[in-house]
Amino acid sequence: DAKTTQPNSMESNEEEPVHLPCNHSTISGTDYIHWYRQLPSQGPEYVIHGLTSNVNNRMASLAIAEDRKSSTLILHRATLRDAAVYYCILVTSGTYKYIFGTGTRLKVLA
Amino acid sequence: DTEVTQTPKHLVMGMTNKKSLKCEQHMGHRAMYWYKQKAKKPPELMFVYSYEKLSINESVPSRFSPECPNSSLLNLHLHALQPEDSALYLCALHKDNTGELFFGEGSRLTVL
Numbered sequence: 001d002a003k004t005t006q007p008n009s010m011e012s013n014e015e016e017p018v019h020l021p022c023n024h025s026t027i028s029g030t031d032y033i034h035w036y037r038q039l040p041s042q043g044p045e046y047v048i049h050g051l052t053s054n055v056n057n058r059m060a061s062l063a064i065a066e067d068r069k070s071s072t073l074i075l076h077r078a079t080l081r082d083a084a085v086y087y088c089i090l091v092t093s094g095t096y097k098y099i100f101g102t103g104t105r106l107k108v109l110a
Numbered sequence: 111d112t113e114v115t116q117t118p119k120h121l122v123m124g125m126t127n128k129k130s131l132k133c134e135q136h137m138g139h140r141a142m143y144w145y146k147q148k149a150k151k152p153p154e155l156m157f158v159y160s161y162e163k164l165s166i167n168e169s170v171p172s173r174f175s176p177e178c179p180n181s182s183l184l185n186l187h188l189h190a191l192q193p194e195d196s197a198l199y200l201c202a203l204h205k206d207n208t209g210e211l212f213f214g215e216g217s218r219l220t221v222l
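Just so you know, the protein sequences line up as chains A and B, in that order.
With my numbering, letter number 9 in the first sequence gets 9, and the count goes up by one each step, no holes.
In short: position in the second sequence from 1, add 110, done, that's my numbering.
Please note that the accuracy of each hint is not assured.
[What the hints assert, rightly or not] Using 30 angstroms as the maximum straight-line C-alpha spacing, the simulated BS3-like pairs for lysine-lysine come out as follows:
(1) A:Lys97 x B:Lys205
(2) B:Lys205 x A:Lys3
(3) B:Lys129 x B:Lys119
(4) B:Lys163 x A:Lys107
(5) B:Lys151 x A:Lys107
(6) A:Lys97 x B:Lys129
(7) B:Lys205 x B:Lys148
(8) B:Lys151 x B:Lys163
(9) B:Lys148 x A:Lys97
(10) A:Lys97 x B:Lys150
(11) A:Lys69 x B:Lys150
(12) A:Lys97 x B:Lys163
(13) A:Lys107 x B:Lys132
(14) B:Lys151 x A:Lys3
(15) B:Lys151 x B:Lys132
(16) B:Lys132 x B:Lys163
(17) A:Lys3 x A:Lys69
(18) B:Lys128 x A:Lys107
(19) B:Lys151 x B:Lys205
(20) A:Lys97 x B:Lys119
(21) B:Lys150 x B:Lys132
(22) B:Lys129 x B:Lys163
(23) A:Lys97 x B:Lys128
(24) B:Lys148 x A:Lys107
(25) B:Lys129 x A:Lys3
(26) A:Lys97 x A:Lys69
(27) A:Lys3 x A:Lys97
(28) B:Lys132 x A:Lys97
(29) B:Lys128 x A:Lys3
(30) B:Lys132 x A:Lys69
(31) B:Lys119 x B:Lys150
(32) A:Lys69 x B:Lys205
(33) B:Lys151 x B:Lys129
(34) B:Lys150 x A:Lys107
The hints are simulated quantities; they were obtained by calculation from the structure and are not laboratory data.
All figures in this text were calculated on a predicted structure; none of them were measured in a lab.
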């Protein structure tokens, strides 16, 4: 299983953008990059995913490096409700194997 | 509508008890998961069922026994557990049209 590396923790000020990095140097061509987040006392929730191109949705944007060895989850305006653990996961196409790494704990300061 | 319903929300059991956790969905998604999560740790994949057949078992001890009797229901049977098995057990389903996992709220298990 390809591995991901994320910083243990990050801080952001409220209403400022947040860039959460993920390194995945052993990614293969059929691996999708998924991001999930887990708010306190809840199950993880899907944020966004992509393969090669940058992706946007109502929650966030995903910027994928040209060589695909890293990606960045972008929260455009952090709110206190965005304080959570963010997980970057590689999922091989055609498989159901979603392995969570240690994630980044995001703290949002008022 | 709640997509994934897990019951019970809390369970306390002794090491000699037999109990079950239940996960129910009515969205027609064909892959369902069990994860185990200890405090301040990431979820650990335990089992995946695809089309009601076990497709992934991440070397889980036999005291955990999964069952998928139909496409709407996923059970996790528990027997002779240890205190270190105390954790939050999360059920998830795979949304085939989007590729995302959707998680339930979990069942918090305490083994005495």
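Tested hints:
A hinted pair counts as satisfied when its Cα atoms are at most 30 angstroms apart, and A:Lys97 with B:Lys205 qualifies at roughly 13 angstroms. Among the hinted pairs, B:Lys205 with A:Lys3 is consistent with the structure: their alpha-carbon atoms are about 23 angstroms apart, no more than 30 angstroms. In summary, the hint linking B:Lys129 to B:Lys119 is supported, as the alpha carbons are separated by about 13 angstroms, within the 30 angstroms threshold. For the given pair, B:Lys163 sits about 40 angstroms from A:Lys107 by alpha-carbon distance, which is inconsistent with the 30 angstroms threshold.
Only pairs whose Cα atoms come within 30 angstroms are accepted, and B:Lys151 paired with A:Lys107 is accepted, the gap being roughly 17 angstroms. Between A:Lys97 and B:Lys129 the CA atoms are separated by roughly 27 angstroms; this keeps the pair inside 30 angstroms, and the hint holds. Proposed proximity of B:Lys205 and B:Lys148 is supported: the alpha carbons are some 25 angstroms apart, at most 30 angstroms. Distance check on the hinted pair: B:Lys151 and B:Lys163 sit about 28 angstroms apart at the alpha-carbon level, within 30 angstroms; holds.
Taking the CA atoms of B:Lys148 and A:Lys97, the gap is near 20 angstroms; set against the 30 angstroms cutoff, the hint holds. For the given pair, A:Lys97 sits about 22 angstroms from B:Lys150 by alpha-carbon distance, which is consistent with the 30 angstroms threshold. Among the hinted pairs, A:Lys69 with B:Lys150 is consistent with the structure: their alpha-carbon atoms are about 27 angstroms apart, no more than 30 angstroms. With a CA separation close to 15 angstroms, the supplied pair A:Lys97 and B:Lys163 stays within the 30 angstroms bound.
For the given pair, A:Lys107 sits about 33 angstroms from B:Lys132 by alpha-carbon distance, which is inconsistent with the 30 angstroms threshold. Under the criterion of a C-alpha separation no larger than 30 angstroms, the hint pairing B:Lys151 with A:Lys3 is consistent with the structure, at around 16 angstroms. A distance of roughly 23 angstroms separates the Cα atoms of B:Lys151 and B:Lys132; the hinted pair therefore holds under the 30 angstroms criterion. Restraint check for B:Lys132 and B:Lys163: satisfied, since their Cα atoms lie roughly 17 angstroms apart, inside the 30 angstroms limit.
Annotation: proposed proximity of A:Lys3 to A:Lys69 holds, straight-line Cα distance about 11 angstroms (limit 30 angstroms). Our distance criterion of 30 angstroms between C-alpha atoms is broken by B:Lys128 and A:Lys107, whose separation comes to about 40 angstroms. Restraint check for B:Lys151 and B:Lys205: the C-alpha separation of about 25 angstroms stays at or below 30 angstroms, so the hint holds. Taking the CA atoms of A:Lys97 and B:Lys119, the gap is near 25 angstroms; set against the 30 angstroms cutoff, the hint holds.
Among the hinted pairs, B:Lys150 with B:Lys132 is consistent with the structure: their alpha-carbon atoms are about 24 angstroms apart, no more than 30 angstroms. The straight-line distance between the Cα atoms of B:Lys129 and B:Lys163 is roughly 22 angstroms, inside the 30 angstroms bound, and the hint therefore holds. Distance check on the hinted pair: A:Lys97 and B:Lys128 sit about 29 angstroms apart at the alpha-carbon level, within 30 angstroms; holds. Between B:Lys148 and A:Lys107 the CA atoms are separated by roughly 21 angstroms; this keeps the pair inside 30 angstroms, and the hint holds.
Distance hint between B:Lys129 and A:Lys3 is unfulfilled; the C-alpha atoms sit about 35 angstroms from each other, more than 30 angstroms. At roughly 20 angstroms between alpha-carbon atoms, A:Lys97 and A:Lys69 fall within 30 angstroms of each other, so this suggested pair holds. Using a Cα cut-off of 30 angstroms, the hinted pair A:Lys3 and A:Lys97 holds, with the two alpha carbons roughly 13 angstroms apart. Taken as a hint, the B:Lys132 and A:Lys97 pair is honoured in the structure, with Cα atoms around 21 angstroms apart against an allowance of 30 angstroms.
Of the pairs offered as hints, the one joining B:Lys128 and A:Lys3 is violated, with about 36 angstroms between alpha carbons and a cut-off of 30 angstroms exceeded. The suggested pairing of B:Lys132 with A:Lys69 is violated, with an alpha-carbon distance near 39 angstroms, which exceeds 30 angstroms. Using a Cα cut-off of 30 angstroms, the hinted pair B:Lys119 and B:Lys150 holds, with the two alpha carbons roughly 19 angstroms apart. Restraint check for A:Lys69 and B:Lys205: satisfied, since their Cα atoms lie roughly 26 angstroms apart, inside the 30 angstroms limit.
With a CA separation close to 24 angstroms, the supplied pair B:Lys151 and B:Lys129 stays within the 30 angstroms bound. For the suggested pair B:Lys150 and A:Lys107, the alpha carbons sit about 15 angstroms apart, so the restraint of at most 30 angstroms is met.
Violation of the numbered hints given earlier is confined to hints 4, 13, 18, 25, 29 and 30; the remaining hints are satisfied by the structure.
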